[in-house]
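There are 2 protein chains.
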Amino acid sequence: MAGQLIVQKYGGSSVANTACIENVAARIIKYVGKGNKVAVVVSAMGDTTDDLIAMAKKINPNPSEREMDMLMSTGEQISTALLAMAIHKKGCEAISFTGPQVGIITDTSHTKAKILKIKTNRLKKELDNGKIVIVAGFQGISTNDEITTLGRGGSDLSAVALAASLGAAICEIYTDVEGIFTADPRVVADARKIDYLTFDEMLELAARGAKMHTRAVEVAKKFNIPLHIRSAFSDKEGTIVMDKGERIEEAVVRGAALTEKEAKITLCNVPDEPGIAARVFTELAGSNINVDMIVQNVSHKNSTDLSFTVLKDDLSRALKISRKLAGRIGIKEVLADENIARVSIVGVGMKSHHGVAAKCFSALAKNKINIEMISTSEISISCVVKKELGKAALAALHKEFELQKK
Amino acid sequence: MAGQLIVQKYGGSSVANTACIENVAARIIKYVGKGNKVAVVVSAMGDTTDDLIAMAKKINPNPSEREMDMLMSTGEQISTALLAMAIHKKGCEAISFTGPQVGIITDTSHTKAKILKIKTNRLKKELDNGKIVIVAGFQGISTNDEITTLGRGGSDLSAVALAASLGAAICEIYTDVEGIFTADPRVVADARKIDYLTFDEMLELAARGAKMHTRAVEVAKKFNIPLHIRSAFSDKEGTIVMDKGERIEEAVVRGAALTEKEAKITLCNVPDEPGIAARVFTELAGSNINVDMIVQNVSHKNSTDLSFTVLKDDLSRALKISRKLAGRIGIKEVLADENIARVSIVGVGMKSHHGVAAKCFSALAKNKINIEMISTSEISISCVVKKELGKAALAALHKEFELQKK
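Which chain is which? The protein sequence lines are Y and W, in order. If you count the first sequence from 1, you need to add 811 to reach my numbering. If you count the second sequence from 1, you need to add 811 to reach my numbering.
If you are wondering where the hints come from, they were derived from the structure by calculation, not from laboratory data. All of these numbers come straight from a predicted model, not from anything done at the bench.
If several chains are the same, the list does not tell them apart, and a pair holds so long as it fits within one copy or across any two.
Taking lysine-lysine pairs in the DSS-like style, the calculated list, with each CA pair at most 30 Å apart, reads:
#, residue 1, residue 2
1, K900, K1135
2, K869, K942
3, K1123, K869
4, K925, K942
5, K923, K935
6, K900, K1123
7, K900, K925
8, K925, K936
9, K1135, K901
10, K936, K868
Here chain Y stands alone, though its shape is the one from the complex (with noise of 0.2 Å):
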């Protein structure tokens, strides 16, 4: 690649130390080198983040949305500032710049703030003066001229935007992994690396526990910026993401995935009407809390249970919202657990494939797996299963659907 206009993401552990951040230094010098233009986003190093939220919870145990993201925003920002003094060292031109310097505005949800626009002519002109700009992920100013943070993982969607703003060729996302594999290989040993993927099957696979943050593939989607996600640490190609089918293999099913982030929250004897679905998530995305799943079964005696899954960070804030709107549309009664695994196959190809959610659903039965809910989507099957029974169903999927071999 050479004569390119390209974006780069470097993670927590990509920067953890001061060796770390010369390595980062001497791989962008090389990109340079080949006549690239590069801008870079950076994460904070190491556990800085958790350290500074360890602190704020020390003092306060429920501190303010808005000084959680005066604090957290630091970290990034350390980072840019010892990558450009990295890079200078080396002999080459960097020039670092916070969210809210370089103009990444957003609207004005502390913590969780969706990106509105980026300013990019600072950003142009010291790239077109042969300068790389290092900008601090994870974070912005809002509408108001606070400055937010977007949430955790925010460091990928603050690359991808900033590609789709600078109009980049590709988005570099360099992690501690090789790539995006099969299914995770701490738990499924025979786990392989997928080279290429789509945007639609990052994007299940993402929000089924890869190492991607979602909104960042949707953004990479919306704006067609190829991604490719890699290893810090070495030089191998990882997995491409895009838009065109050309290139995928031709697989069924690309690859299955586990998440025990969710917890799941029970609507009990929801009275069947028109309205009660919608008021219910209305409410919750009224408060910021992303619902993933939903199940609704037919209704009998006039009223139906309801089921979805939240992140189990946002479980209390969630349980409290529905259990009073509970009280006040006449449900009985809420239950919810904690205690839940859900496992994922996605796959482009599944939708035009019979028989792919049987094969499902036998695979797990077989190795005496029950399943709790099911919900599926055109590229994608996931499974609600006990928490401790995760693994092993991860496992069952893997083998059943060979995704060893290539």
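With chain Y held as given, fit chain W onto it using these hints.
Okay, now just chain W, sitting in the frame of chain Y:
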């Protein structure tokens, strides 16, 4: 004090850890409880700034000043957010701001920026809404939209400038000592806390090593903002610095100070022509090097020696500039001496009393301390001596002028 607008500045030792931050929060709330409005300026926690500098130097021994500002400004931002959270925890309203966010506009001299103006509209709005406002010290935003820092001790300057802009009744500078002493109590055992000082006296003492930033005192004097320098760890009154002489004690000499931070440069056999000194100090000022004492004696054989002191941190740069210039204007030799200390006595009363200088020099002579350079102003006398004799010189002057007596 009640019903006033007070600016309080807490230094790094006052916010060194989460427990310290909680103490500071309690102190601030006490003032608010008495009906005052409080704007707070904080430094970085404990050794944060030093740690950041160490990390930078590990990556690049000669880091860019712009990137140093980017890096160092994070320290104060962390303190502001944590302090806001601590105040929230105690049930009061508070909001934190970075220097750039609040509109502390500076010139473009990175690591030593000068404040040009402070936009107070946002701060005033929040104060009027009953909030405690917390501003990151030491930092601002340049007219080029770059993050700048104000140099070591710059948080004092931020606080005084903020007090001036907001029209505060007083600016309290919290530190780890009880106030300004007649001499450093670690060196002179019977040194005594001074209750009141004039701005001019404080200025001289600050310049001569007392725990206060000179530029901050200059701004306080210019805008006539009373300062109260006091301990963050006790409720005792500290030292009040103000314009009016009415409350000033009548002693001739008010305090003595010692600094070992300076080095001496001597240009030997400088041609005795008009304009040479101007060229030397114009070049040094252009490189943002502060020259302190300047001594030039009568010439003999159409040439003279010109000596001056600079901060040790600036010595290598100052020497480079001096040597370059020396070559151009025919100065034969440029000498440097880092092994010096400067002792000073300060007092507004001094100017109207005869014999103070003589008493000073004879006190040093009695103790067999040789004087290498002498410089006097209306309210101070400074002598440069060998570094190893500095403490003895301070003690001798403190005793001679009976500063231990009230």
